[in-house]
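Each chain, letter by letter, is given below.
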Amino acid sequence: MERGKKIKAGDIRTASRLIRDIEDSIPEAKATIKHIFPYTGKAQVVGITGSPGAGKSTIVDGLIETSRKKEQTVGVLAVDPTSPFTGGATLGDRIRMQRHSEDIGVFIRSLATRGSLGGLSKAVGDAIHVMDAMGKDIIFVETVGTGQQEVEIIHYAHTVIVVLVPGMGDEIQAIKAGIMEIADIFVINKADRDGAQKLQRELMTMIEMSHIPPGGWKPPVLTIRNSFKPEEFEHDLQILSAKVHEHYDFLISSDLIGDRQKRKRLHELNEAIRFSILEPVMEMLIRTGELDSMVEKLVKKESDPASLAEEIARKYLQGCF
Amino acid sequence: MAKRKIRVMVAKPGLDGHDRGARVLARCFRDAGFEVIYTGCHQTPAMIAASAIQEDVDLVGLSCLSGAHRYLFPQVVSLLKEKGADDITVIGGGIIPQQDFQKLYDAGIKAIFVPGTTLDTIVNWVNSNVKPVERK
Ligand code: B12
Ligand SMILES: Nc1nc2c(ncn2[C@@H]2O[C@H](COP(=O)(O)OP(=O)(O)OP(=O)(O)O)[C@@H](O)[C@H]2O)c(=O)[nH]1
Ligand SMILES: [Mg+2]
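Residue numbers (the numbering used here), protein chains in the order written: chain F, 1 to 321; chain H, 1001 to 1136.
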C-alpha cells in the first residue's frame, strides 16, 4: 500500500494528511492504519497533562530539546479544545515549540478535541500509531488543560507527567481525585513562585500515604524553575528527562510494560468495537427514524431503556443473543 | 462520516511585533468553525512553511504591519512550492500599500486584506476560495 510505505519512510505530508483523514473519519484511513499497525509499538509514549496554562507546552518544548540532544527522533501530538458553539478551535500549543519547527527530526501536529471529553481527541490513538510507524523514538502527547476527570491519557502513554503550579488555591484537594492517581511523575512548574515548596511537601506526604506495592514505582515530585531563565530551565528539564527514561526502564525491568501495553490494547479494542458495532447501529437507528420513536416511547413511559436496548440487540446483532 | 474541516495557520513573519490583528483573525477563524493554528510572532518563512506542512493546513494567512511583506510573503510561497506543497493557499494582510498588491499576486499570494476590512469579508473569502483537502 502506497500510503503505508510513505508513512514508514517518514513522509510528513502523508502522515499529517492521514491523521487528518482519521480526524475526519474517512473510511480509507482505517485501512492504512491496519496496514501500518504491525510496525507500531516501538516508540516510547509520554503524556503531559495538567491544568490550563500550567506550562505543559513549555515543558514539552524543553523535552523535545533534551531528546534531540540524545539524537532521538520526536513526535508531538498537542491537543487543544474545540469550541462547542462553533466547532472551531484555536490550536496554540505549537507556539511554544516553534524553535523546533524546522528540525526534520521533530514532527509536531496539533489536534482539536472535536467534542471528546477525556482531554484528548478520538484520533489520538491512531495518530500515535502513525508517528510510531514513522519511526519516531519518542512521542509526547499534550492533553488539553485538564480538571479532574480527564484521565484518558493513561490509555495511551507509557509515562504520564502531571504538571502543577503553586498558588492555585486548594491544589491537593482539587487534584486528589482524578489526575492525581494517574501521575507517574509530578512536576511543579513555575517553582520560583511562592508556595512551591509547600506544594511539594504536601504532594510527597500524600504519596507516602498512598499504597505503593513493594517494588512499585513511587512517583517523584520534581520542580521546574522559571522557563525564562534558560540555564535553570534546561537543568531542571534534564532531570525530568532522566526521570522519564528511568520510568520507562522501570516498566521494562519490572515487566509492567506488558500491563501498560495490555491496557492500551484493551482500550483500542473497546474503541474499535464502538466504531464497528455501536456506531453503525446508532446510524441505522437514526436513519430509519427508530431512535426518534424509541425516545417518544420512553417519554410516554411505554417502555424503558433496557428493554429497548435488548430489542435493538435482537434486531441488529442476530446470533449474539 | 464527519464533515471535513478547514484548517488554517495564522503566522507573523519577520521581526514585526504587531500581533493584535493576527490574534483577532485567529479568533475570528475559530468562530467561523475553522481549526486555527497560531504560531505567534518572529517566524521565518522557513518555519512557517515547515509548520504548515506538519499541520496539513489548507490556508496560510500571513500578517505583517512593518513593511517587510515584499520579501517575506513571496518567500513563504516559494518555500511551500519547493516542498511540493504549493496546493496550500497563501493570503496576507496588514499595512500593505496598494502599489505592492500586483507584485504579491504575481508571487502567488492569492488575496490581500488591509486595515478596515471587516472580518466577515475575510471569512467569506476563505469560505468561497478554500476547500478543505480537495484543494484548488
Ligand atoms: C496598535 C499599534 C501598535 C502597538 C502594537 C500592539 C500589538 N501587540 O499588536 C504598539 C504600540 C506596540 C506598536 C508599536 C510599533 N509600531 Co505600531 N501601530 C499600531 C496601530 C495604531 C494599530 C495596529 C492594530 O493593532 N490594528 C488593529 C488590527 C485588528 O488591525 P490590523 O492588524 O491592521 O488587521 C486588520 C487588517 O490589516 C487585516 N489583516 C492584518 N493581518 C492580516 C493577515 C491575514 C491573513 C488577513 C486575511 C488579514 C489581515 O485584517 C484585520 C482586520 O481588518 C498601527 C496603525 C494602524 N492604524 O494600523 C500602528 C503601526 C502599524 N505601527 C507602526 C510603527 C512604525 C510602530 C513602531 C515601529 C513604532 C516605533 N518607532 O517604536 C513599533 C514597532 C513594534 C514592533 N515590535 O514591531 C506603523 C508602521 C509603519 C509601516 N509599516 O510603514 C503604523 C502603521 C503606524 C503609522 N501610521 O506609522 N504599534
Ligand atoms: N513565570 C513563569 N511562567 C511560565 C513558566 N513556564 C511557562 N510559563 C508561562 O505560562 C504560560 C502558559 O504556558 P504554556 O506552556 O502554554 O502552558 P500550557 O499548560 O501548555 O497551556 P494550555 O495548553 O493552554 O493549557 C505562558 O505564558 C508561559 O510563558 C515558568 O516557569 N514561569
Ligand atoms: Mg499548551
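Calculated from the structure, these hints are not laboratory results.
Since this is a predicted model, take the numbers as computed values, not measurements.
We treat Cβ as the ideally placed atom computed from N, Cα and C, and that holds for glycine.
One or more of the hints may lead you astray.
Pairs of lysine-lysine, DSSO-like flavour, derived with a Cα cap of 27 Å [as the list claims (entries may be wrong)]:
hint: 1; chain 1: F; residue 1: 42; chain 2: F; residue 2: 6
hint: 2; chain 1: H; residue 1: 1131; chain 2: F; residue 2: 6
hint: 3; chain 1: H; residue 1: 1103; chain 2: H; residue 2: 1081
hint: 4; chain 1: F; residue 1: 30; chain 2: H; residue 2: 1103
hint: 5; chain 1: F; residue 1: 8; chain 2: H; residue 2: 1103
hint: 6; chain 1: F; residue 1: 34; chain 2: H; residue 2: 1003
hint: 7; chain 1: H; residue 1: 1103; chain 2: F; residue 2: 6
hint: 8; chain 1: F; residue 1: 297; chain 2: F; residue 2: 30
hint: 9; chain 1: H; residue 1: 1103; chain 2: F; residue 2: 5
hint: 10; chain 1: H; residue 1: 1003; chain 2: F; residue 2: 30
hint: 11; chain 1: F; residue 1: 8; chain 2: H; residue 2: 1083
hint: 12; chain 1: F; residue 1: 30; chain 2: F; residue 2: 218
hint: 13; chain 1: F; residue 1: 5; chain 2: F; residue 2: 42
hint: 14; chain 1: F; residue 1: 218; chain 2: F; residue 2: 297
Partial selection, computed: residues in chain H whose CB lies under 8 Å from chain F [to be verified]:
hint: 15; residue: 1021
hint: 16; residue: 1024
hint: 17; residue: 1026
hint: 18; residue: 1029
hint: 19; residue: 1030
hint: 20; residue: 1034
hint: 21; residue: 1039
hint: 22; residue: 1043
hint: 23; residue: 1054
hint: 24; residue: 1100
hint: 25; residue: 1103
hint: 26; residue: 1105
hint: 27; residue: 1108
Taking each numbered hint in turn, which are not upheld by the structure, reported in ascending numerical order?
4, 5, 7, 8, 9, 12, 14, 15, 16, 24, 25, 26, 27
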